[in-house]
Amino acid sequence: MAPHVNLGALLQAEFQEDVAHREDGLCVVGIFGKSSTQTGPLKGSLINTLADKHIFSLFGESEEGDSADSHIEAFYDQENRVLYLLLSSICDSRQLLRACRSLSAGISHSDAHDFWKGLDRQHCLHLLYMFSVCHVLLLVHPSQTFDVTHDRLFRALDALRQKVLPLIRAAIKDCAVSKEWKLNCRPCPPRLLFVFQMTATLKVSGNGSDSGGNPDKPKKHSPRRRLQHALEDQIYRIFRKSRVLTNQSSNCLFTVPANQAFVYVIPAADKDPVGTLLGQLRSNCILSEQDTTPVLSGPRRYQQMRRSARQPSGESTSMLMGSQLVDCSLKEFLWQHVELVLTKKGFDDSVGRNPQPSHFELPTYTKWVQVASRLYQVLITNTDEELAELATKVQSQVKVLDGFLDADTKFSENRCQKALPLAHSAYQSNLPHNYTTTVHKNQLAQALRVYSQHARGVAFQRYALQLHEDCYKFWSNGHQLCEERSLTDQHCVHKFHLLPQPDHSVIAAGEKPDMDHNPPIMNHNSRGRSTSSCNCGRKQAPREDPFDIQAANYDFYQ
Numbered sequence: 001m002a003p004h005v006n007l008g009a010l011l012q013a014e015f016q017e018d019v020a021h022r023e024d025g026l027c028v029v030g031i032f033g034k035s036s037t038q039t040g041p042l043k044g045s046l047i048n049t050l051a052d053k054h055i056f057s058l059f060g061e062s063e064e065g066d067s068a069d070s071h072i073e074a075f076y077d078q079e080n081r082v083l084y085l086l087l088s089s090i091c092d093s094r095q096l097l098r099a100c101r102s103l104s105a106g107i108s109h110s111d112a113h114d115f116w117k118g119l120d121r122q123h124c125l126h127l128l129y130m131f132s133v134c135h136v137l138l139l140v141h142p143s144q145t146f147d148v149t150h151d152r153l154f155r156a157l158d159a160l161r162q163k164v165l166p167l168i169r170a171a172i173k174d175c176a177v178s179k180e181w182k183l184n185c186r187p188c189p190p191r192l193l194f195v196f197q198m199t200a201t202l203k204v205s206g207n208g209s210d211s212g213g214n215p216d217k218p219k220k221h222s223p224r225r226r227l228q229h230a231l232e233d234q235i236y237r238i239f240r241k242s243r244v245l246t247n248q249s250s251n252c253l254f255t256v257p258a259n260q261a262f263v264y265v266i267p268a269a270d271k272d273p274v275g276t277l278l279g280q281l282r283s284n285c286i287l288s289e290q291d292t293t294p295v296l297s298g299p300r301r302y303q304q305m306r307r308s309a310r311q312p313s314g315e316s317t318s319m320l321m322g323s324q325l326v327d328c329s330l331k332e333f334l335w336q337h338v339e340l341v342l343t344k345k346g347f348d349d350s351v352g353r354n355p356q357p358s359h360f361e362l363p364t365y366t367k368w369v370q371v372a373s374r375l376y377q378v379l380i381t382n383t384d385e386e387l388a389e390l391a392t393k394v395q396s397q398v399k400v401l402d403g404f405l406d407a408d409t410k411f412s413e414n415r416c417q418k419a420l421p422l423a424h425s426a427y428q429s430n431l432p433h434n435y436t437t438t439v440h441k442n443q444l445a446q447a448l449r450v451y452s453q454h455a456r457g458v459a460f461q462r463y464a465l466q467l468h469e470d471c472y473k474f475w476s477n478g479h480q481l482c483e484e485r486s487l488t489d490q491h492c493v494h495k496f497h498l499l500p501q502p503d504h505s506v507i508a509a510g511e512k513p514d515m516d517h518n519p520p521i522m523n524h525n526s527r528g529r530s531t532s533s534c535n536c537g538r539k540q541a542p543r544e545d546p547f548d549i550q551a552a553n554y555d556f557y558q
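Heads up, the sequence shown is in UniProt numbering, so the first residue is 1 and it goes up one at a time.
These are calculated hints, taken from the structure and not from any lab test. Watch out, some of these pointers could steer you wrong.
[To be verified] No more than 27 Å apart at the CA atoms, straight line, and that leaves these computed lysine-lysine pairs for BS3-like:
1) Lys117 to Lys441
2) Lys399 to Lys34
3) Lys393 to Lys367
4) Lys331 to Lys182
5) Lys179 to Lys345
6) Lys34 to Lys344
7) Lys331 to Lys344
8) Lys173 to Lys367
9) Lys179 to Lys367
10) Lys163 to Lys117
11) Lys34 to Lys53
12) Lys34 to Lys117
13) Lys173 to Lys410
14) Lys345 to Lys367
15) Lys393 to Lys179
16) Lys53 to Lys473
17) Lys163 to Lys179
18) Lys163 to Lys399
19) Lys344 to Lys182
20) Lys418 to Lys393
21) Lys441 to Lys473
22) Lys34 to Lys241
23) Lys331 to Lys117
24) Lys399 to Lys410
25) Lys441 to Lys410
26) Lys163 to Lys410
27) Lys179 to Lys331
28) Lys182 to Lys399
29) Lys163 to Lys367
What you are looking at is a predicted structure, and each value in this text was computed from that prediction instead of being measured.
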């Protein structure tokens, strides 16, 4: 296969393999993680290094155009029987920039949060797909420190996988793969490897003479290798504490090897090209002078290096450089794991007293495409009518991710829920039993001021609307004053009521309350009284404050 293509196009294309390789097994290697702000894509350059070919552009050009959506690109190394899958998402600086450009200027806080959470859920579904179809996965870090947020991400993925397992089983039940694959919905528990990029701040000299102020006694391992060992211990301890890794590998989202290296640190680029070339020439000369046994090249070099570490120094001079072990290359680091897949040995990563063997299957390219196509429809695209119902059910289960990944919303809801009682108290303070619309609006403004002092985050607007509704319900439920004014501009003192005349059903101004509240039926009364006389002036009598022209000029004189 020529250059890399989108995974969806690869699964739909009718790719004809060579007859000599048609029945050979296929190892699938997935690469995901974060990238820095550097010009060249770190993850794409890894595949260039592993395949010894210029496959991905150094400038990170993508076939997806300006879309910020997650996507998977594939490169099939048919000669070595390895299929590389590269996941690009908002964890990459280029995709993050495209997502920022797609946001409009006037978007609200909650809408922007929903936009980013949608991209996060999309990223998680793509990751779940890769954990379901790959044998080996490479997690790439742009620095030399482990990002602990991956622990929460993997726990969220594990929870989502347990929810959608029945749906995935239904999707691949007719595929020509083993029962174990159909039951566990993956060819094997994938082995996760970690690749770190050493920055220039931790750049150290190659001789490793940093052994506590004694330069005459260099340490056996280089600083880079000691960093790799420290990162392995840290990562394993974190995942065991959070139970992402357990004794039985078949129950885990992924595994890490017990007796092999699973962390590789890419050395920082040397800013002095002449010094780099001289150092390589010096190391080659040292190896040639000390070489008594042939040095293996390729994937078996790593095993020879590990054996040499357990042998006396006199027996392993071929792998030493001035009493220090030579670090392996990235391809040698990965190929020791790929060889276990291609030789059908599988991964035996269970630990404990009674380790249970995990299932393993090495599919042909045709079988893998058959399973991968159906999972692609169910988890990612949802364009197949036959699998549309399953894909819809999978999308409904994605909400399980919010409890793990959406910490912002959880914090915001907790803050807003604590602010609501304070706002309610501010609204009800110094209130008469019945009050008008003006008083209601003034008290509501005071309640919103108190609420805005304590509430934070994306749930602010939603709980502010709830505060509006709660205050209106309190006011309209027996506390609303009649809004009608008399002809002398005095308020009716009764709470909201209806007039006894059928032709004056609702006189009170303001918003109508719910008729189920059964407002009382009575006449208006402002408690104002005055003395008036008849037309000829012979009689005088007290009269109620009139509220309409008929009561003022006709009813009283009758």
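Now for the hints, and whether the structure bears them out:
1. Lys117 to Lys441: violated (35 Å)
2. Lys399 to Lys34: Distance ~24 Å between Lys399 and Lys34 Cα, so the pair holds.
3. Lys393 to Lys367: holds (25 Å)
4. Lys331 to Lys182: This hinted pair is violated, its Cα atoms lying about 32 Å apart.
5. Lys179 to Lys345: The given pair, whose Cα atoms are some 19 Å apart, holds under the 27 Å limit.
6. Lys34 to Lys344: violated (31 Å)
7. Lys331 to Lys344: Since the Cα atoms of Lys331 and Lys344 sit roughly 20 Å apart, the hinted pair holds (cutoff 27 Å).
8. Lys173 to Lys367: holds (13 Å)
9. Lys179 to Lys367: holds (14 Å)
10. Lys163 to Lys117: With a Cα-Cα distance of about 19 Å, the restraint between Lys163 and Lys117 holds, given a limit of 27 Å.
11. Lys34 to Lys53: holds (22 Å)
12. Lys34 to Lys117: holds (17 Å)
13. Lys173 to Lys410: violated (38 Å)
14. Lys345 to Lys367: holds (19 Å)
15. Lys393 to Lys179: Holds, because 23 Å separates the two Cα atoms, which is no more than 27 Å.
16. Lys53 to Lys473: Violated, at roughly 70 Å.
17. Lys163 to Lys179: Holds, at about 20 Å.
18. Lys163 to Lys399: It holds: about 11 Å lies between the C-alpha atoms, which stays within 27 Å.
19. Lys344 to Lys182: Distance of about 19 Å is within 27 Å: holds.
20. Lys418 to Lys393: violated (35 Å)
21. Lys441 to Lys473: Distance of about 13 Å is within 27 Å: holds.
22. Lys34 to Lys241: Roughly 24 Å separates the two Cα atoms, so the pair holds.
23. Lys331 to Lys117: Roughly 36 Å between the alpha carbons, so the hint for Lys331 and Lys117 is violated.
24. Lys399 to Lys410: With Cα atoms ~13 Å apart, Lys399 and Lys410 stay inside 27 Å; holds.
25. Lys441 to Lys410: violated (30 Å)
26. Lys163 to Lys410: OK: Lys163 and Lys410 at ~21 Å, within 27 Å.
27. Lys179 to Lys331: At roughly 33 Å apart (the allowed maximum being 27 Å), Lys331 and Lys179 break the hint.
28. Lys182 to Lys399: Holds - the C-alpha atoms of Lys399 and Lys182 are around 25 Å apart, at most 27 Å.
29. Lys163 to Lys367: Holds - the C-alpha atoms of Lys367 and Lys163 are around 25 Å apart, at most 27 Å.
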